[in-house]
Every structure is written in structure tokens, then in C-alpha cells.
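Asker: So the protein lines, in turn, are chains A and B.
Residues 13 to 128, numbered by this note's numbering, are exactly what the first sequence covers, in order.
Residues 403 to 512, numbered by this note's numbering, are exactly what the second sequence covers, in order.
What the hints contain is simulated information worked out from the structure, not anything from laboratory work.
Please note that the accuracy of each hint is not assured.
Now the in silico label distances, taken between C-beta atoms and shown as ranges [what the hints assert, rightly or not]:
hint, chain 1, residue 1, chain 2, residue 2, range
1, B, Gly497, A, Leu88, 19 to 29 Å
2, A, Cys25, B, Ser416, 18 to 28 Å
3, A, Pro52, B, Ala419, 35 to 45 Å
4, A, Pro98, B, Ser472, 38 to 48 Å
5, A, Glu64, B, Ile462, 27 to 37 Å
6, A, Thr43, B, Ser405, 40 to 50 Å
7, A, Leu112, B, Ala504, 18 to 28 Å
8, B, Ser512, A, Lys76, 32 to 42 Å
9, A, Leu112, B, Gln404, 14 to 24 Å
10, A, Gly73, B, Gln447, 20 to 30 Å
11, A, Gln41, B, Ala455, 23 to 33 Å
12, B, Ser454, A, Cys25, 42 to 52 Å
13, A, Lys53, B, Ile462, 20 to 30 Å
Glycine included, C-beta positions come from ideal geometry on N, C-alpha and C.
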Amino acid sequence: GAVVSQHPSRVICKSGTSVKIECRSLDFQATTMFWYRQFPKQSLMLMATSNEGSKATYEQGVEKDKFLINHASLTLSTLTVTSAHPEDSSFYICSANPGLAYNEQFFGPGTRLTVL
Amino acid sequence: AQSVTQLGSHVSVSEGALVLLRCNYSSSVPPYLFWYVQYPNQGLQLLLKYTSAATLVKGINGFEAEFKKSETSFHLTKPSAHMSDAAEYFCAAYGNKLVFGAGTILRVKS
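Given only the sequences and the hints, what does the whole structure look like? Please build it.
Answerer: Following this line, the structure appears as C-alpha cells:
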């Protein structure tokens, strides 16, 4: 149980285009999902907290107009990287909390974004 | 602000040897603590968690961690390393959000 999927697993796009990444909780409902970014050889940094039916809460320094988050249902959150540039190339990982205590999060397999 | 420090970005052990990965947290109030493992190009898998119950926490794959408040530590151990344990390990603490340490890459030599 508690499986989180992400799609796509890898995406390569040209600079200036937008890319949408989906995060789904497959066997549970998640009122809260999280989006992290991981640069090579670095740790995960929380980008934003996504709450179903409301606006996402972004961490300091994360451009909300560049990283659009939509949490339209209890099993789906999407991250859209708008007008992507090479510096946006990174590993994006989502996680979901099925309402467990201690904010226990289940992580997706990640999406490798490469912007040319 | 809460922070997590993992001592040693790389740890190398021989197969069958003890694994010790160090983690210290900075918080006036002991947070909830987690250890995750990440294999290349994959997401994170929870190994174990501390939630203020028992201070010695047992996890999956033979790993365990001991919470020591006096040392603000939550070190991860495994008595006997296996080749399949080679991966990157992250310690994380939850106060009002999940904060990760920088990670430790474990190499297991045959």
C-alpha cells in the first residue's frame, strides 16, 4: 500500500517550453502532497506544499509563477514548469501524506527534467 | 530554523561489516525523525521513523536507529552490510516541514 507514482519519469524539452509533471497516489487519498527538487549530488529541497482544493504554499525563494501547482483531486497533483530554462534541469520528486501522523510521507519515483 | 546534519558524505564498508551512518538534528524540541534510502534515479523509501515512542527504532532490511536526546543524534546502524545496501541515505526531521540532511552515500565492498 501507499504507492505514489509520477509521470513522466524522464522528460527532455527545449528552453522556453512548459513541462507538466503528474503525481498520483494510487491506493490512498492525499489531502496534502509535496513537491521537492533535488540537484545532482545534493539533498531534497521542499519547493511547495500542495493542498487539495486550495492554493499551494511555496517555500521562500521558489517562484510560484514559474512552478505552477494544481491539486485538483485527492489523488492527483501536477507541477508545471513554465518557460523552462537549462537551470531548471533537475530531479523533481513528489510525496503524499495519507493523513498519517508525524507527517509521514510516501515518495514518488521522481521525474528527471532536462532542459536543452 | 531546524536543520539536519549528516556526518560523512561518503561511507565505505566491507560486506558483512557494521554500517554506521551519523545524523544530528538541531531543534529545541525533539522532532519526528526519519531515515530514507534512495537508489539511483529513484524516489525515497522509508527505512524507519522515530515518533517519541521507543528510542531504539527498528526498520526494514535489518536497519535500526537510536534516538539520543542528550546528543541530539539519530544514527543509523546495521550489524552486517550487504551489497544491496549500497545506496544514498537521507536523515530527515519533521517540525513544521520535512527537512533533509545532505545525504550519505554508502559503498559496500566485496
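Asker: Does the hinted range 42 to 52 Å hold for Ser454 of chain B and Cys25 of chain A at CB?
Answerer: The hinted range 42 to 52 Å holds for Ser454 of chain B and Cys25 of chain A, with Cβ atoms some 45 Å apart.
Asker: Is 19 to 29 Å respected by the C-beta to C-beta distance linking Gly497 of chain B and Leu88 of chain A?
Answerer: Given about 28 Å between the Cβ atoms, the range holds.
Asker: A range of 20 to 30 Å was offered for this pair. Does it hold for the Cβ distance of Gly73 of chain A and Gln447 of chain B?
Answerer: At roughly 28 Å between Cβ atoms, Gln447 of chain B and Gly73 of chain A fall inside 20 to 30 Å, so the hint holds.
Asker: So does Leu112 of chain A sit 14 to 24 Å from Gln404 of chain B, Cβ to Cβ?
Answerer: holds, 20 Å
Asker: Cβ-Cβ distance between Gln41 of chain A and Ala455 of chain B: within 23 to 33 Å?
Answerer: Check passed, 26 Å falls within 23 to 33 Å.
Asker: Mind checking the hinted window 18 to 28 Å against the Cβ distance between Cys25 of chain A and Ser416 of chain B?
Answerer: The hinted range 18 to 28 Å is violated for Cys25 of chain A and Ser416 of chain B, with Cβ atoms some 44 Å apart.
Asker: May I ask you to test the hint 40 to 50 Å on the CB atoms belonging to Thr43 of chain A and Ser405 of chain B?
Answerer: violated, 28 Å
Asker: Confirm or reject the claim that Lys53 of chain A and Ile462 of chain B have a C-beta distance inside 20 to 30 Å.
Answerer: Since Lys53 of chain A and Ile462 of chain B have Cβ atoms about 25 Å apart, the given range 20 to 30 Å holds.
Asker: Can the suggested window of 18 to 28 Å be confirmed for the beta-carbon pair Leu112 of chain A and Ala504 of chain B?
Answerer: For Ala504 of chain B against Leu112 of chain A, whose Cβ atoms are near 26 Å apart, the range 18 to 28 Å holds.
Asker: Check the following: the C-beta atoms of Glu64 of chain A and Ile462 of chain B are separated by a distance inside 27 to 37 Å.
Answerer: Check passed, 30 Å falls within 27 to 37 Å.
Asker: Can the suggested window of 35 to 45 Å be confirmed for the beta-carbon pair Pro52 of chain A and Ala419 of chain B?
Answerer: Check failed, 29 Å falls outside 35 to 45 Å.
Asker: Does the Cβ pair Pro98 of chain A, Ser472 of chain B satisfy 38 to 48 Å?
Answerer: holds, 47 Å
When held up to the earlier numbered hints, the structure conflicts with 2, 3, 6 and 8 and fits the remainder.
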